[in-house]
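J.: Listed below, chain by chain, are the residues.
Number of protein chains: 2
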Amino acid sequence: MTASRYDVLGIGNAIVDVIARADDDFLVAQNMQKGGMALIDEARAQAIYDAMGPATEISGGSAANTIAGVASYGARAAFVGKVKDDELGRAFAHDIRAASIGFDTPPASDGPSTARCYIMVTPDGERTMNTYLGAAQDLHPNDIDPDTIASAAITYLEGYLWDPPHAKDAFRKAAKAAHDAKRMVALTLSDSFCVDRYRAEFLKLLRDKTVDLIFANEAELKSLYETADFDTGVAALRQDAKLAVVTRSEKGCVVVSADGVKAVPAASVDKVVDTTGAGDLFAAGFLVGLARGSDHVMAARLGALAAAEVIQHLGARPETSLKALGQENGLL
Amino acid sequence: MTASRYDVLGIGNAIVDVIARADDDFLVAQNMQKGGMALIDEARAQAIYDAMGPATEISGGSAANTIAGVASYGARAAFVGKVKDDELGRAFAHDIRAASIGFDTPPASDGPSTARCYIMVTPDGERTMNTYLGAAQDLHPNDIDPDTIASAAITYLEGYLWDPPHAKDAFRKAAKAAHDAKRMVALTLSDSFCVDRYRAEFLKLLRDKTVDLIFANEAELKSLYETADFDTGVAALRQDAKLAVVTRSEKGCVVVSADGVKAVPAASVDKVVDTTGAGDLFAAGFLVGLARGSDHVMAARLGALAAAEVIQHLGARPETSLKALGQENGLL
Numbered sequence: 188m189t190a191s192r193y194d195v196l197g198i199g200n201a202i203v204d205v206i207a208r209a210d211d212d213f214l215v216a217q218n219m220q221k222g223g224m225a226l227i228d229e230a231r232a233q234a235i236y237d238a239m240g241p242a243t244e245i246s247g248g249s250a251a252n253t254i255a256g257v258a259s260y261g262a263r264a265a266f267v268g269k270v271k272d273d274e275l276g277r278a279f280a281h282d283i284r285a286a287s288i289g290f291d292t293p294p295a296s297d298g299p300s301t302a303r304c305y306i307m308v309t310p311d312g313e314r315t316m317n318t319y320l321g322a323a324q325d326l327h328p329n330d331i332d333p334d335t336i337a338s339a340a341i342t343y344l345e346g347y348l349w350d351p352p353h354a355k356d357a358f359r360k361a362a363k364a365a366h367d368a369k370r371m372v373a374l375t376l377s378d379s380f381c382v383d384r385y386r387a388e389f390l391k392l393l394r395d396k397t398v399d400l401i402f403a404n405e406a407e408l409k410s411l412y413e414t415a416d417f418d419t420g421v422a423a424l425r426q427d428a429k430l431a432v433v434t435r436s437e438k439g440c441v442v443v444s445a446d447g448v449k450a451v452p453a454a455s456v457d458k459v460v461d462t463t464g465a466g467d468l469f470a471a472g473f474l475v476g477l478a479r480g481s482d483h484v485m486a487a488r489l490g491a492l493a494a495a496e497v498i499q500h501l502g503a504r505p506e507t508s509l510k511a512l513g514q515e516n517g518l519l
Numbered sequence: 188m189t190a191s192r193y194d195v196l197g198i199g200n201a202i203v204d205v206i207a208r209a210d211d212d213f214l215v216a217q218n219m220q221k222g223g224m225a226l227i228d229e230a231r232a233q234a235i236y237d238a239m240g241p242a243t244e245i246s247g248g249s250a251a252n253t254i255a256g257v258a259s260y261g262a263r264a265a266f267v268g269k270v271k272d273d274e275l276g277r278a279f280a281h282d283i284r285a286a287s288i289g290f291d292t293p294p295a296s297d298g299p300s301t302a303r304c305y306i307m308v309t310p311d312g313e314r315t316m317n318t319y320l321g322a323a324q325d326l327h328p329n330d331i332d333p334d335t336i337a338s339a340a341i342t343y344l345e346g347y348l349w350d351p352p353h354a355k356d357a358f359r360k361a362a363k364a365a366h367d368a369k370r371m372v373a374l375t376l377s378d379s380f381c382v383d384r385y386r387a388e389f390l391k392l393l394r395d396k397t398v399d400l401i402f403a404n405e406a407e408l409k410s411l412y413e414t415a416d417f418d419t420g421v422a423a424l425r426q427d428a429k430l431a432v433v434t435r436s437e438k439g440c441v442v443v444s445a446d447g448v449k450a451v452p453a454a455s456v457d458k459v460v461d462t463t464g465a466g467d468l469f470a471a472g473f474l475v476g477l478a479r480g481s482d483h484v485m486a487a488r489l490g491a492l493a494a495a496e497v498i499q500h501l502g503a504r505p506e507t508s509l510k511a512l513g514q515e516n517g518l519l
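Line order of the protein sequences matches chains A and B.
Using the working numbering, read the first sequence as starting at 188 and increasing by one per residue.
Using the working numbering, read the second sequence as starting at 188 and increasing by one per residue.
Some clues are possibly wrong.
Remember, identical chains collapse to one label, so a pair may be satisfied in a single copy or spanning two.
As the list claims (entries may be wrong) - Here are the simulated lysine-lysine pairs, DSBU-like style, with alpha carbons at most 35 Å apart:
(1) K510 with K458
(2) K458 with K221
(3) K458 with K438
(4) K360 with K449
(5) K355 with K458
(6) K429 with K363
(7) K458 with K396
(8) K409 with K369
Source of the hints: derived by calculation from the structure; they are not laboratory data.
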């Protein structure tokens, strides 16, 4: 195994977030499942946009947010994902490159426009997402360069990749390239509804060791094992996964491995403004910890710190340097 | 004079803000005048965008921000300004209509793209702006409907309208329509460099009473009268203006009228995040106060409250209901 060029390479849907504040009545009127992510077509996207309040556009996408967090911690990062060569696609590409992230996936020159996620943030800070996949539909195994994957210490994939038609093949190609090079493969389960759509396939990824590290939140864990009981889910996960982290919002997280189950508390937060990206940024910190050779508890603390930063402002990418924040908190 | 349909109608450059954090070294390296607004061409816009950090896109434009504040206070508001029918132009139109603001200016179907303002926010919260006027160049007197102007109690105009070639004619047409209907005409001086470009014309607007109410900050006042002394500027303004408000950041403002000069303090602020829109939102509150028939001191307090809200987050439009905030603070 040669020295790595990247600490973490992420593959995911390249999405621009369109964020607006909304009250709970709006979610009800629009038939939105609070806290979830729904896939929508272009007509529904237009209808939601017409109904929603004044919005802010910020680059998003789950794995892309994670990679932005990795770069903000000062680690070497790359991203693979598909935009169109339109105004939002160019904004996505600008934002990711401006964060010192390697990004070489060619944009689509025709076909649907760059993916957008319409995010309603309710007064409690919870976010409810509606994703129009657009150009992200066209991520293809050809967009995966095995040499680039082999040059990354960790390849990080999002469960949402199961939604576009060819992206799961890109995922499998990347996972094989990573393992051929003796690198680590990590997966986030993304969303409990996503788990519901692809439960059997996700369990197979775990059990056949396509994935070395898995991130889930409580709802995703319970959906994966179709249980209402957290401890039952954790016990099942311990059987299936080499290494797993289950995040529990303000209750912190548990790290699940052959060594046992370790709980790590959440970092303190003054005021929750927008929870979008909390899980993504937790993953960022944990991956940075692993890449630095930290133990699992320290990695989880880096994750918790990044998650705490991102939920205190609108948008799913860090606004302050996580490296500086980590240093101030004695974690780096 | 018939009953008004709108409390305030604003006319200005329709601009989408592209906001990134930057340090002072970046401003120096890019030859940017800290705190000012520079006009840039498309090539310079691209060069700045390539050099700047990850950005957030939020609808902006000085008068448009003011009108968003007027609507947030629950007053009846309309806006006139030119976008192109492109992604950012559609976002601008969505955001302004979603804030319950009347907006009927037809978008340009060809020509330059929707105007963008590249805003660098330094760690002290100060903003430095670079504006590519794009489609806003094409605002034309034909875009002014005298009946709509006549239906607004106050028509509010930005000094920046002197930059595009035909917009000052649109301004004069609107001011005439307003006065013909015995309505009020208000102007903001916009920026000290803008005042420097158009000093003689702005003084004439005041002295020939084309404008009934003028907003300026300290730098703009000093530029207008080419003086380094605040009191000298205020004395000169009192000669020229029927009614004027000079804002002084954390020192509050002074209201200048035939009755004398009254100082009103700023509203308290926990932490300044981004000063973009402070002057725009002050004007919003003051105009709402006038439209409600409040006295000048109460109007200035409504202005100060709105300015305090907008400088505590990224972006130049209110994120919370100013009406609710005004009620909580006993001003409404």
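J.: Taking the hints in turn, state whether each one holds.
T.: Now for the hints, and whether the structure bears them out:
1. K510 with K458: both (22 Å within a copy, 22 Å between copies)
2. K458 with K221: both (20 Å within a copy, 31 Å between copies)
3. K458 with K438: both (16 Å within a copy, 28 Å between copies)
4. K360 with K449: Answer is within; shortest intra-copy Cα gap is 32 Å, inter-copy 71 Å.
5. K355 with K458: Neither, since 37 Å and 45 Å both go past 35 Å.
6. K429 with K363: within (17 Å within a copy, 75 Å between copies)
7. K458 with K396: Neither, since 39 Å and 49 Å both go past 35 Å.
8. K409 with K369: This pair counts as within: shortest intra-copy Cα distance 31 Å, inter-copy 67 Å.
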